[in-house]
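Q: So the protein lines, in turn, are chains A and B. First residue of the first sequence? That's 1 in our numbering, and the numbers climb one at a time after it. First residue of the second sequence? That's 1 in our numbering, and the numbers climb one at a time after it.
By construction, these hints were calculated from the structure, which means they are not laboratory data. Please note that a few of the clues may not be correct.
Looking from chain A toward chain B, a few residues come up when the C-beta cut is under 10 Å (computed) [what the hints assert, rightly or not]:
| id | residue |
| --- | --- |
| 1 | 169 |
| 2 | 182 |
| 3 | 184 |
| 4 | 189 |
| 5 | 273 |
All values reported here derive from a predicted model rather than from experimental measurement. Ideal Cβ placement from N, Cα and C applies to all residues, glycine included.
There are 2 protein chains.
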Amino acid sequence: MNSECLRTLQAQAPDRLASFEKYYCGKRVLITGGLGFIGSTLAIALADLGARVTLVDSMIPEYGGNLFNISPVRDRVTVNISDVRDRSSMNYLVQGCDCLFNLAGTLSHVDSMTDPFTDLEINCVSQLSILEACRRHNPGIKIGFAGTRGQYGRTGPDPVREDTPMRPVDVNGINNVAGEAYHLLYHEVHGIRAFSLRLTNTYGPRHQMRHHRQGVLNWFLRLLIEGKTVKLYGNGRQIRDTNYVDDVVEAFLLAMADDRAAGQVFNLGGEPVSLMDFVEQAIRVHGGGSYELVEYPAEAKPIEIGDYRADWSRIRDTLGWHPRVALAEGIARTLEYYKQHRQHYWDTP
Amino acid sequence: MNSECLRTLQAQAPDRLASFEKYYCGKRVLITGGLGFIGSTLAIALADLGARVTLVDSMIPEYGGNLFNISPVRDRVTVNISDVRDRSSMNYLVQGCDCLFNLAGTLSHVDSMTDPFTDLEINCVSQLSILEACRRHNPGIKIGFAGTRGQYGRTGPDPVREDTPMRPVDVNGINNVAGEAYHLLYHEVHGIRAFSLRLTNTYGPRHQMRHHRQGVLNWFLRLLIEGKTVKLYGNGRQIRDTNYVDDVVEAFLLAMADDRAAGQVFNLGGEPVSLMDFVEQAIRVHGGGSYELVEYPAEAKPIEIGDYRADWSRIRDTLGWHPRVALAEGIARTLEYYKQHRQHYWDTP
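Please build the complete structure, drawing on both the sequences and the hints.
A: Structure representation (structure tokens):
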């Protein structure tokens, strides 16, 4: 078994693993953003479960696509390089699929402010294209969408429920609100079974490591591995809710297989921690390292969200999900992965 | 004075008229959707106030643009035929303007479901283009955006406040949520003074009358003028909040001139009424007519919103706006206008 996520289930929840095997074996599954962080981790699990997996990825250099991510299952999945903005390829690719994990998207808050049109095209226009493709060519498909805590904007200190009003503070958040809303609308009006998971800060193996604009947690781990000083903005006390990637993958597998998820939105979340505490834990696990506090850069300050804690009781109560990998364990696994494979993530020749 | 709106102010609120004259005289004003329903009514008022007005309109046949709408001030405004989707023309046109009333948009809930991409391009992509044009070429501009009650979706029977979570039930609503959010974000992050008015069902002179997909109230009045039977969907008891167009125009003039509006969202509203009561009032004013109840058409039922009542206390308390034209009076003026000018709205040769 190549999937670490499934190995955890085997040890902790063999019934769930069995139900996944039953559901996914032989299923035709499409994953957009399939060579990226979460897409590839999901692909490895699905290949292990016996699904027939096609990965769609645009391999845009600054984004997360990396063929090395799927090396454990390279010969058991189909890779299709294309862009979700390309309507004709999406019209073709959705045909005959049972499930679509729709994970392609730009993730950078800062980039969305400097290049708002690209963010709009990928996170908003393309989502509508994909849904129209499904409506016209495969209305029986099931779709899982990756939403984000960025949809909420500044939420204050309390745990955020799914019905909290969404007031995004950057273009990326606005476009994700729209992209998710299209999915729910196509469920409501056109009967396409779609759900959304609103992801919080996810970290783990297979995240791109060339820059920090798509997630800082992994970036901090790279700096520790390199022996560099981590820079924390402001006082470093900003709370982020965190999830190890395997827990996110399990949530996607669970929601897709459960008809009660259709038309629903679920927060994910797990271990809220200040960025400083995250780094301090990582330093302990790594056995060394340092950080310093610096001023917010001009482009980051106005879109800083303050603290974020997710209330993820809905997915716990509805689908029985809970995170399994504690922060110290997740950090250890992530550091181990990148120490072993750094040449595929930043020391590329 | 050509503007009926300003004549009402002259009679009821001469101080407000004087403050408008002081603020707008000599101001360079751009109106997107300027040949449409609200845009043209606003243009007539602004021309009367001494503003230097440029109207941008794409004159797309099914939309609201009609040169006859501005005939009272045709020689005192500049008409520029172009599409808000055309980035280069918008980059040029925003330069040197003091105020932009950003009213271009598609309004049809049903059309947005059959042609979601056009709705997306106009209501979402173009809004971002316009804001980027302002940020790059004229960051000192002030912008008023026309939002819609469609952003809220199904709200239930209670009056809806601005902080009610938005759950649109059609593509048009989703795109308007995004379009408005861009405006607020560009205020927050880039300092562009923008506000949004969330309009409810607005009726009055200068609305297009060739089809019912951009607003039913005016369409009902056309049917009465033609001696045809009005068809009400379902039981006809759906509540809509209503505003006469002049009251909406006054709200835009007021919010643009008041710096307290920057970064704010305001509901408009006035006289909530069931569609059946609206038609019965119109029949009384018109002196005849009939209606019947019919089943919802298949394309209308899933996006029906139920009842809608606006809580418009925020704009009342913040800016001192309230509607001035009661329903019976507004209906009478509208019927009178179209009886006189019907050849310009539906009996075109």
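Q: Next step is simple, just say for each hint if it's right about the structure.
A: Checked hints:
1. 169: This interface hint holds because 7 Å falls under the 10 Å limit.
2. 182: holds (6 Å)
3. 184: Holds, because the Cβ-Cβ distance from residue 184 of chain A to chain B comes to roughly 8 Å (cut-off 10 Å).
4. 189: Hint on residue 189 of chain A: holds, closest Cβ of chain B at ~5 Å, below 10 Å.
5. 273: Since chain B brings no Cβ nearer than about 27 Å to residue 273 of chain A, farther than 10 Å, the hint is violated.
When held up to the earlier numbered hints, the structure conflicts with hint 5 and nothing else.
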